[in-house]
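**Q** Going by full-length UniProt numbering, the residue at position 229 of the sequence shown is 229; the numbering climbs one at a time, nothing skipped.
Just to be clear, a hint being listed does not mean it is correct.
Simulated crosslink set (DSBU-like; lysine-lysine; CA at most 35 Å straight-line) [said to hold, decoys possible]: (1) Lys278 to Lys258; (2) Lys144 to Lys29; (3) Lys278 to Lys196; (4) Lys144 to Lys269; (5) Lys269 to Lys258; (6) Lys29 to Lys76; (7) Lys29 to Lys196; (8) Lys76 to Lys144.
If you anchor each label on the Cβ, the simulated ranges turn out as follows [said to hold, decoys possible]: (9) Arg207 to Pro167: 56 to 62 Å; (10) Ser254 to Thr114: 53 to 59 Å; (11) Arg43 to Ala242: 24 to 30 Å; (12) Ala242 to Arg113: 16 to 22 Å; (13) Thr33 to Glu63: 25 to 31 Å; (14) Asn241 to Ala143: 40 to 46 Å; (15) Glu63 to Leu263: 39 to 45 Å.
Please keep in mind that the hints were generated in silico from the structure rather than gathered at the bench. C-beta atoms are modelled at their ideal positions from N, C-alpha and C, and glycine is treated no differently.
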Amino acid sequence: MAEDGEAGTLWVVATPIGNLDDLSDRARKLLGTVPVVAAEDTRVSSRLLADRAERAELISLHEHNEARVVERLVEKLLEGADIALVSDAGTPLISDPGYRLVAAAHDAGIPVRTVPGPCAATAALSIAGLATDRFWFEGFLPAKSGARRKRLGELAGQTATLVFYAPARDLPAVLEDMIAAFGPDRRATLARELTKLHETVRRDALRPLHDWIAADPDQQRGEAVLVVAGSETTAPSVDPNALAEELARELPPSRAAKVLARLTGLNRKEAFELIESKRE
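Kindly generate the complete structure, drawing on both the sequences and the hints.
**A** Here it is as structure tokens:
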């Protein structure tokens with residue numbers, strides 16, 4: 001706790017991504033004494049607090065309530081209480097909620113400190129066998145294939161190594177879309193269930209990696225990180241609106257929509273509607 005009249009400290013604490021032995025001594029000590037813990041899922045994080053002599057105040061902080069809860073947490077900090085911010089696994093704010101709280105703490109003049117540790121993205125990068133001097137962290141791709149292909153098309157010319165998160169059940173579909181956007185020979189590494197009992201690390205070209213995963217239901221369980229090699233040459237990005245204007249002038253609507261869908265990842269309905277809007 002802070003001294004009288006002083007604000008508390010917001011501690012951003014990394015927690016294990018699977019193996020509980022990866023919790024650092026510093027993180028363990030802090031979580032054993034801090035009076036308030038802001039957790040993505042209090043049921044998950046409570047296991048890290050089981051050895052405490054005194055019960056901590058657990059406050060749920062997730063993507064659906066963050067804007068509402070931030071004011072309450074900042075008030076506690078200004079009253080002098082230290083708060084530990086944790087996510088379900090890994091380093092908070094990396095594809096997890098928390099940035100609004102951190103920003104609000106800075107704005108209020110509250111000290112913000114880090115207790116670094118596990119992070120699935122950097123753990124996967126370290127064992128991927130791909131270039132790590134520059135990398136692009138994309139996190140989770142859109143759930144729908146059309147939007148996913150569109151985003152992957154925008155990344156096709158990125159020369160930095162690409163890092164994606166994905167539920168393992170979605171891997172066959174995600175890899176199929178990556179093949180469409182990047183080509184079947186782009187190198188990639190699957191890092192699934194990192195630090196857990198059934199951890200998988202496999203490096204291959206996208207097509208054989210897809211086929212191997214599709215043939216093994218066990219590889220479609222849990223959580224995964226896909227690390228994909230960057231492009232060897234920078235490809236110009238495709239602007240769907242500009243392309244739609246050109247195609248609408250040169251081709252019949254149905255043919256223009258088919259070409260637009262193939263080049264951008266839009267589905268046929270979306271492509272047709274965009275072509276029609278350019279003809280009005």
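**Q** Given the hinted pair Lys144 and Lys269, is their Cα-Cα distance within 35 Å?
**A** holds, 14 Å
**Q** Between Lys144 and Lys29, does the CA-CA distance stay at or below 35 Å?
**A** violated, 42 Å
**Q** Note whether the CB distance of Arg43 and Ala242 lies within 24 to 30 Å or breaks it.
**A** Given about 49 Å between the Cβ atoms, the range is violated.
**Q** Holds or violated: Lys269 and Lys258, Cα atoms, limit 35 Å.
**A** Holds: Lys269 and Lys258 sit about 10 Å apart, inside 35 Å.
**Q** Could you tell me whether the CB distance from Ser254 to Thr114 stays inside 53 to 59 Å?
**A** Holds, since Ser254 and Thr114 (Cβ atoms, about 55 Å apart) stay within the stated range.
**Q** Given the hint that Lys29 pairs with Lys76, does the C-alpha gap stay at or below 35 Å?
**A** holds, 21 Å
**Q** Within 40 to 46 Å or not, the Cβ separation of Asn241 and Ala143?
**A** violated, 23 Å
**Q** For the hint 16 to 22 Å, verify it against the beta carbon of Ala242 and that of Arg113.
**A** Between Ala242 and Arg113, where Cβ atoms are some 46 Å apart, the hint is violated.
**Q** Lys76 and Lys144: Cα distance at most 35 Å?
**A** violated, 40 Å
**Q** Do the alpha carbons of Lys278 and Lys196 lie within 35 Å of each other, as the hint requires?
**A** Violated. Lys278 to Lys196 sits at ~52 Å, over the 35 Å cutoff.
**Q** Measuring from beta carbon to beta carbon, are Thr33 and Glu63 in 25 to 31 Å?
**A** holds, 28 Å
**Q** Between Arg207 and Pro167, does the beta-carbon spacing fit 56 to 62 Å?
**A** violated, 21 Å
Hint check: violations occur at hints 2, 3, 8, 9, 11, 12, 14 and 15; the rest are consistent with the structure.
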